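Sequences are here, hints too, so could you generate the full structure?
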Amino acid sequence: MSTALSEQRVRFREFRFEDIPALVDLLNQTFPDTPTTVETEAHFEKSYPPDNPRLRFAVETNEGRFIGMGACLKPFWVNAPGVYHLWGLVDAEWRRQGIGRALLAELEPFAREHQATRLWSDCREDFDFAIRFFEQAGFSNFGLRFESKLDLTNFDESRFADAIDRVLDAGFQLSTLAAERSTNPNADHVLYELDHATRQDVPLPGGAVSNMSYDDFRKVMLESPDADPTAVIIAKHSQKYVGLTALWLPQEGPAYTNMTGILREYRERGLALALKLLSIRVMKTRGYAEARTTNDTANPAILRLNEKLGYQPLPGWLQWEKTL
Numbered sequence: 013m014s015t016a017l018s019e020q021r022v023r024f025r026e027f028r029f030e031d032i033p034a035l036v037d038l039l040n041q042t043f044p045d046t047p048t049t050v051e052t053e054a055h056f057e058k059s060y061p062p063d064n065p066r067l068r069f070a071v072e073t074n075e076g077r078f079i080g081m082g083a084c085l086k087p088f089w090v091n092a093p094g095v096y097h098l099w100g101l102v103d104a105e106w107r108r109q110g111i112g113r114a115l116l117a118e119l120e121p122f123a124r125e126h127q128a129t130r131l132w133s134d135c136r137e138d139f140d141f142a143i144r145f146f147e148q149a150g151f152s153n154f155g156l157r158f159e160s161k162l163d164l165t166n167f168d169e170s171r172f173a174d175a176i177d178r179v180l181d182a183g184f185q186l187s188t189l190a191a192e193r194s195t196n197p198n199a200d201h202v203l204y205e206l207d208h209a210t211r212q213d214v215p216l217p218g219g220a221v222s223n224m225s226y227d228d229f230r231k232v233m234l235e236s237p238d239a240d241p242t243a244v245i246i247a248k249h250s251q252k253y254v255g256l257t258a259l260w261l262p263q264e265g266p267a268y269t270n271m272t273g274i275l276r277e278y279r280e281r282g283l284a285l286a287l288k289l290l291s292i293r294v295m296k297t298r299g300y301a302e303a304r305t306t307n308d309t310a311n312p313a314i315l316r317l318n319e320k321l322g323y324q325p326l327p328g329w330l331q332w333e334k335t336l
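Sequence positions in the sequence shown follow our numbering and run 13 to 336.
Hints were generated in silico from the structure; no laboratory data involved.
All of these numbers come straight from a predicted model, not from anything done at the bench.
Hints are supplied without guarantee of correctness; some may be wrong.
No farther apart than 16 angstroms at their CA atoms in a straight line, the calculated lysine to aspartate or glutamate pairs in the EDC-like style are these [what the hints assert, rightly or not]:
id, residue 1, residue 2
1, K58, D103
2, K231, E30
3, K252, E192
4, K86, E125
5, K334, D134
6, K252, E205
7, K161, D45
8, K58, E75
9, K86, D134
Simulated restraints, written as ranges between beta carbons of each label pair [claimed, not checked]:
id, residue 1, residue 2, range
10, E125, L180, 54 to 64 angstroms
11, E235, R316, 13 to 23 angstroms
12, V50, N74, 20 to 30 angstroms
13, G299, E235, 17 to 27 angstroms
14, K320, P65, 21 to 31 angstroms
The beta carbon of each residue, even a glycine, is placed where N, CA and C say it ideally should be.
Pasting the structure below:
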């Protein structure tokens with residue numbers, strides 16, 4: 013760590029499980045409109061793949077106050093050869109004092125030691141301080157992921173009155189993971205195969221391709237505190253799983269559509285619209301006032317569908333890359 017930071021009475025140390033409550037406080041200060049919980053963050057900490065390389069530092073004052081953290085890890089959720097992912101967060105009171113640069117100086121060598129050729133990171137496009145950091149640190153912008161929101165309190169399903177009936181009349185069945193589990197003990201794995209197949213067509217920035225293992229899929233999609241098997245909606249054709257939409261239902265803040273996917277041969281038949289309408293019913297029944305989702309700029313079909321439903325744009329997430 014630099015002498016300048018030592019003079020400011022700031023130090024780095026290994027991030028520990030006991031830091032999660034302080035991290036949650038900092039996350040909720042930084043992103044107050046999408047709060048997280050200790051339960052959720054502890055779940056992802058416990059379920060992190062034990063053999064996946066990562067290095068993390070907590071940032072604290074000499075008095076022991078947690079003011080930030082930084083992490084560098086191999087992104088286990090996608091196939092992106094040569095890429096390591098960089099993530100950092102600093103308390104607003106301590107920004108612009110060189111902490112981010114010092115974290116990068118500690119974390120970048122870890123990526124190099126693991127033969128990484130690129131560092132990836134992201135930030136919200138309205139976070140000017142983060143944009144300046146990436147530009148000054150030698151990163152270049154290579155993509156944008158849109159985020160959008162839907163006001164559920166004013167959503168009028170009557171505009172799509174026959175959308176679900178058309179799908180049913182065409183011979184499709186609409187179910188939930190909870191219902192499927194009651195008749196098919198292998199439902200979770202069949203759902204994973206559908207999710208994996210449809211994610212191959214999701215155009216992620218930089219040419220990355222989704223590559224979650226079944227175990228990671230279960231931990232992220234099915235076992236987190238925000239997951240609910242009644243909020244995973246499945247389209248079937250002759251008992252074959254052909255489409256899904258999966259929600260995250262956090263304790264506070266907006267609900268999230270984590271994934272909507274349809275097998276290629278069943279697209280353009282209204283399935284995505286029907287699944288999204290059923291998911292909106294779930295969110296409204298659970299008392300959510302707002303829904304959110306993210307999409308890539310290279311996915312115009314789903315962007316058009318979300319616009320048709322009434323989703324409104326929010327600041328997106330800029331994708332950054334540094335060549336090592």
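Practice task
Could you tell me which of the numbered hints above are not met by this structure, giving the numbers in increasing order?
Solution key: Result: hints 1, 2, 8, 11, 14 break, sorted rising.
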